[in-house]
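Visitor: Chains as they are written, first to last, in this note's numbering: chain A, 1 to 982; chain B, 983 to 1168.
In short, the hints are calculated from the structure, not lab data.
Any given hint could be a false lead.
As the list claims (entries may be wrong) - Calculated cross-link-like contacts (lysine-lysine; reagent style DSS-like; alpha-carbon spacing at most 27 Å):
{"hint": "1", "chain 1": "A", "residue 1": "Lys591", "chain 2": "B", "residue 2": "Lys1154"}
{"hint": "2", "chain 1": "A", "residue 1": "Lys52", "chain 2": "A", "residue 2": "Lys591"}
{"hint": "3", "chain 1": "A", "residue 1": "Lys900", "chain 2": "A", "residue 2": "Lys868"}
{"hint": "4", "chain 1": "A", "residue 1": "Lys681", "chain 2": "B", "residue 2": "Lys1078"}
{"hint": "5", "chain 1": "A", "residue 1": "Lys52", "chain 2": "A", "residue 2": "Lys516"}
{"hint": "6", "chain 1": "A", "residue 1": "Lys270", "chain 2": "A", "residue 2": "Lys164"}
{"hint": "7", "chain 1": "B", "residue 1": "Lys1154", "chain 2": "A", "residue 2": "Lys164"}
{"hint": "8", "chain 1": "B", "residue 1": "Lys1031", "chain 2": "B", "residue 2": "Lys1078"}
{"hint": "9", "chain 1": "A", "residue 1": "Lys513", "chain 2": "A", "residue 2": "Lys52"}
{"hint": "10", "chain 1": "A", "residue 1": "Lys499", "chain 2": "A", "residue 2": "Lys164"}
{"hint": "11", "chain 1": "B", "residue 1": "Lys1078", "chain 2": "A", "residue 2": "Lys270"}
{"hint": "12", "chain 1": "A", "residue 1": "Lys588", "chain 2": "B", "residue 2": "Lys1154"}
{"hint": "13", "chain 1": "A", "residue 1": "Lys270", "chain 2": "A", "residue 2": "Lys52"}
{"hint": "14", "chain 1": "A", "residue 1": "Lys513", "chain 2": "A", "residue 2": "Lys499"}
{"hint": "15", "chain 1": "A", "residue 1": "Lys516", "chain 2": "A", "residue 2": "Lys499"}
Nothing here was measured: the structure is a model prediction, and the numbers come from that model.
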Amino acid sequence: MSRSHRIAGGQIDRTSTIRFSFDGLPYTGHPGDTLASALLANGVRLMGRSFKYHRPRGPLSAGSEEPNALVQLRTGARQEPNSRATVAELFDGLTATSQNAWPSLRLDAMALNDRLSTFFAAGFYYKTFMWPAAFWEKVYEPMIRRAAGLGRLTREEDPDSYDKGFLHCDLLVIGAGPAGLMAALTAGRAGARVILADEDFRMGGRLNSERFEIGGQPGADWAAGAVAELAQLPTVRLMSRTTVIGAFDHGIYGAVERVSDHLPEPPPGKPRQTLWRIYSRRAILAGGATERPIAFENNDRPGIMLAGSLRAYANRWAVAAGDRVAIFTNNEDGLRTATDLHAKGVDVVAVIDARADGPLLPGIRHLRGAEVIDTRGRLGLTSITIRQANGRTETLRASALGVSGGWNPNVNISSHHRARPVWDEAILSFVPGKAGPPGLSAAGAAAGRLSTHGALASGQTEALAALADLGRASRAQPLPEAEDAPVSITPKWYVAGGKGRAWIDPQNDVTVKDVKLAHQENFTSVEHLKRYTTLGMATDQGKTGNVLGLAIMAGLTGRTIPETGTTIYRPPYTPVAMGTLAGRSRGKEFKPTRLTPSHAWAEEQGAVFVEVGQWLRTQWIPRPGETHWRESVDREVLATRRSVGICDVTTLGKIDIQGTDAGAFLDRVYANTFSTLPVGKCRYGLMLREDGIVFDDGTTARLGEHEYVMTTTTANAVAVFRHLEFCRQVLWPGMDVQLISTTEAWAQFSVAGPNARRLLERIVDQDISDAAFPYLAAGNITVGGLRARLFRISFSGELAYEIAVPARYGDALIRRLVEEGRTFDAVVYGTEALGVMRVEKGHVAGNELNGQSTALNMGLGKMVSRKKDSIGMVLSGREGMMDPGGYRLVGVKPVAPDGKLTAGSHFLDIGAAAVMENDGGWLTSKVYSPHLGSDIALGYLKAGDRRIGERMRAVNLLAGTDTEVEIVSPHFFDPEGERLRG
Amino acid sequence: MADRLNALTSLGHSDPVTREIGPYRIVERFDIALASIACRRGRDKDFSKAAKGMVPLPDPAGSTQGAPYSSFWVAPDMWFVEAPFATNEDIAEELKRLFGDSASVTEQTDGWARFDLFAPDLAPLLERLCNVDFPHVEDGFASRTLVEHIGCYLIRRRQGEVTLYGPRSSAKSLLHAIETAAASVL
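In isolation and in its complexed conformation, chain A is listed as follows:
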């Protein structure tokens, strides 16, 4: 292990020691460390390998913009690839491993790619894997995919949970540096509801990394004082470890709070992360700025980092990233690093300043008009070669090099609504444009105000403006004293003249040569440049490299940088785990369930349930000895037809429709007429869409002069209710109609079969003889004095009723029906038996209500009344929909009784080839009918109503079936309807 690189000072807790490992080797750090700072303190600079060339890499930055120091954090199911060591908070027992290297980080076989770099220039894939064409899918793509990516997933299920939540505030302040803190103080002191969110675990932003003073005290201390004051303000919420990832519509911001990432594992019940949706009336982007490098030959070695980051490691984390440090800068800020390191006793071997003029730093070798032209060091920087203003070159021994090419305001979130940032020549950077998200303004370095005073002042100004917008009067307060140095920068994007590679985007191994090649091949648009070279892609989204690449392309094309433009910024600002987006919606918690009133009883019987939307419905109930579902379903069907069966139909949508215009309203939404329905009767109804296609069907009963209850299919319960509300509120607001869903309120059971009446007579208090309660009667009854409803309707073709009681009594009712039904050998049947019986009876259901079929297709054309206007009536009469040769619902049975049918089979004439031109239609629903002793089906057949009795083939090429069938009436069972009227 190398010697410690700790120096004095810093914001780490040296009284406590944290043990962690990297690539299996043990190290120690302190609370307050990141993984990167702790590794640097232990003398570890090599932390990763680059994506394409497998070049050795160390951290470039000290923050979330990091492109290089990507590691796998933790092990087992919690292992997370591509984690930035620069923001990974150290905790005791942390395990990190390097990625994208084999067999080891120091000796990576894939580094051979670096030797072959000539062949791996931009567009390599596009040019190389062109032929033979058949190889692309089977050979090239799998091979490239295997080589792609950095870290690896374990494929184990994530053991952690993730929360979602909602927050509301007057002002969201994004970033807790000097501008953000001052904005939050200004708004918080005025009583506004403020949320201050910062991605760091310690608020203060750059103040934690600088030696600036504010108001006569160290900037970090001022920040800590500001945070302490904010914590006392009742309307302010402080959210550290929280990254605002995007601006969405209507003042909504997404934010990820890393609740437990700084712990070995989340405490019981606690989430790992929470995705907050923040509703903010105003927002201030105070996200600071990101330093950018200068491109020069071999500028990617471990030990070469951004000058501001080198300074941050020294000032905040008390780490000297090297024992001999050099600085390469084109601006004044770079000099601060030299000064700070020098003050901390670090050997600053030289400052290579691209600017020709200006005062020299005292006590430090400060070379004006100079540049770095090359570096050396296989696994870490050992020396740099510089060219002085007079042209003389010199090699200096150095283990760390800080590079500063200027600072890019973090404009990302201000551009999330496609607002283009604008170029600020004074700081040679883009600043937020004016067409950003409404209600969002920028302050501090994010707005291009790069001095501490500028940050404090703009933070206060923007907060006052937001308060004024919100109608809160507040005055500017005197600002604490702070440095206000002007920006002194000279354009220096890359060092020209070298033959080697100079990196722009180290994560994607994009070099100056790649940009030149893109230009040479006419990929000069920024969008083309990005996709041709991969500049700005992957986890860092080009935070350090984008502007550099644009500037170089601008130079090549002779355009200005603003003319060259930028690519579009999109959320998220930093990578977000998929689990965070999913929240609790996974596994059995993917969606809520809806349980029927008979669910508990059915569970006791060992019922098999099926998901129908959110409902869990009984599919069938096996009895001892039954080994196949068909045995159960056949038994349930036969028992129902023989005596009586009971089925929970609570899931059908029920909509209460009242008002003096309720009947007229139903006439308009149904294709058939309901205003003439007598009180105490029900009727089957067909509902069309505007385009004449069938939307839904069901039975509607008239319970009073102005009171109806509509039944919908289970699947369309919500859609029909929404449709009716639209009709009521938007189409016909003048009608006196009130709607409300009562689906949940009533437990409803179908009682069907020859003994249905006899069974119900034991349950209900009223006379329900055929004379008293005839077919299609409906009304209020009582069950043991309890209010209830009875409908005489049938979906099975049997004598059948639906009985409803308030849902709390549903469990008792199913138990009583079963108990009383023992006399009749009653059976409780599920959705499978229900399906069999409806196909036997020729009733349409979901498979036939497929969103493409008309009433005429279903054989229900006569239900569309032409005597009144209704939704879909006119368009259902279009020529193409009235085609006599169009699809018609038919019944299908195999010619051979043991012939097999498969749903989805297509009708073909006997002897016809199985091609589209010969397609006659398809089988929509297939069941085995125990009553008929064979497979039967419903289907749509062209001119089917004229082909009854013909023989055809039902062909399913996917299932490999080809069955000779007879086209029959869809009414397989009791076509005259004698049983249901019995």
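Since the structure of chain A is provided, determine the placement of chain B on it from the hints.
Guide: This is chain B only, laid out in the frame that chain A set:
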């Protein structure tokens, strides 16, 4: 006449449950009768006259407590009326008699599961459950909202007390969501 049927709570028990998670107390309520009333078109005066002194008609996003009837606003010209189940089980019939043909009345008692939440500060729990700005709204606030994809009504009785009505069939899922969020806050 047949025997009367026994009732079960929305969670499938004979008696309502109470859960305690840290500072949070979740109380299932099974003793409330519920009905919707909607003013029929053009009958505002008759509707208001019938309601006067009997059924409060709070403004949008509001609720009002009363005896025996309390109510909360659910949609334009529509309210849900609450009353003790023991004395007002047939609440819909009562309200039909009261309002006559000036209102459309529908029984809603068993359409909903009700959970009352108690804690000194409910905001950390509710901000994980729904998009209601709980600390900001006043006592009596009532709103439709979503809890883990479940459509609910939320009523702020006071700072430390909230009523959540969710669909009866999803009672178990709703309680699970509340319990999970409560554990997450601790």
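Visitor: For Lys591(A) and Lys1154(B), compute the direct alpha-carbon distance and say whether it is at most 27 Å.
Guide: Distance of about 12 Å is within 27 Å: holds.
Visitor: Against the 27 Å threshold, does the CA-CA distance of Lys270(A) and Lys164(A) hold or violate the hint?
Guide: holds, 12 Å
Visitor: For the pair we were handed, Lys681(A) and Lys1078(B), check the Cα-Cα distance against 27 Å.
Guide: holds, 22 Å
Visitor: Decide if the proposed pair is consistent with the structure: Lys588(A) and Lys1154(B), CA atoms, cutoff 27 Å inclusive.
Guide: Measuring from Cα to Cα gives roughly 13 Å; hence the hint holds.
Visitor: Does the structure keep Lys1154(B) and Lys164(A) at a Cα separation of 27 Å or less?
Guide: At roughly 20 Å apart (the allowed maximum being 27 Å), Lys164(A) and Lys1154(B) satisfy the hint.
Visitor: Measure nothing beyond the straight line between the CA atoms of Lys52(A) and Lys591(A); if it is 27 Å or shorter, mark the hint as holding.
Guide: Since the Cα atoms of Lys52(A) and Lys591(A) sit roughly 41 Å apart, the hinted pair is violated (cutoff 27 Å).
Visitor: Measure nothing beyond the straight line between the CA atoms of Lys52(A) and Lys516(A); if it is 27 Å or shorter, mark the hint as holding.
Guide: holds, 18 Å
Visitor: Given the hint that Lys1078(B) pairs with Lys270(A), test it: the Cα-Cα distance must not exceed 27 Å.
Guide: Violated, at about 49 Å.
Visitor: Would you mind confirming whether the straight-line C-alpha gap from Lys513(A) to Lys52(A) stays at or under 27 Å?
Guide: holds, 15 Å
Visitor: Check the hint pairing Lys900(A) with Lys868(A) against an upper bound of 27 Å on the C-alpha distance.
Guide: violated, 45 Å
Visitor: Check whether the Cα positions of Lys513(A) and Lys499(A) lie no farther apart than 27 Å.
Guide: holds, 9 Å
Visitor: Lys516(A) and Lys499(A): Cα distance at most 27 Å?
Guide: holds, 13 Å
Checked against the numbered hints above, the structure violates hints 2, 3, 10, 11, 13; every other hint is satisfied.
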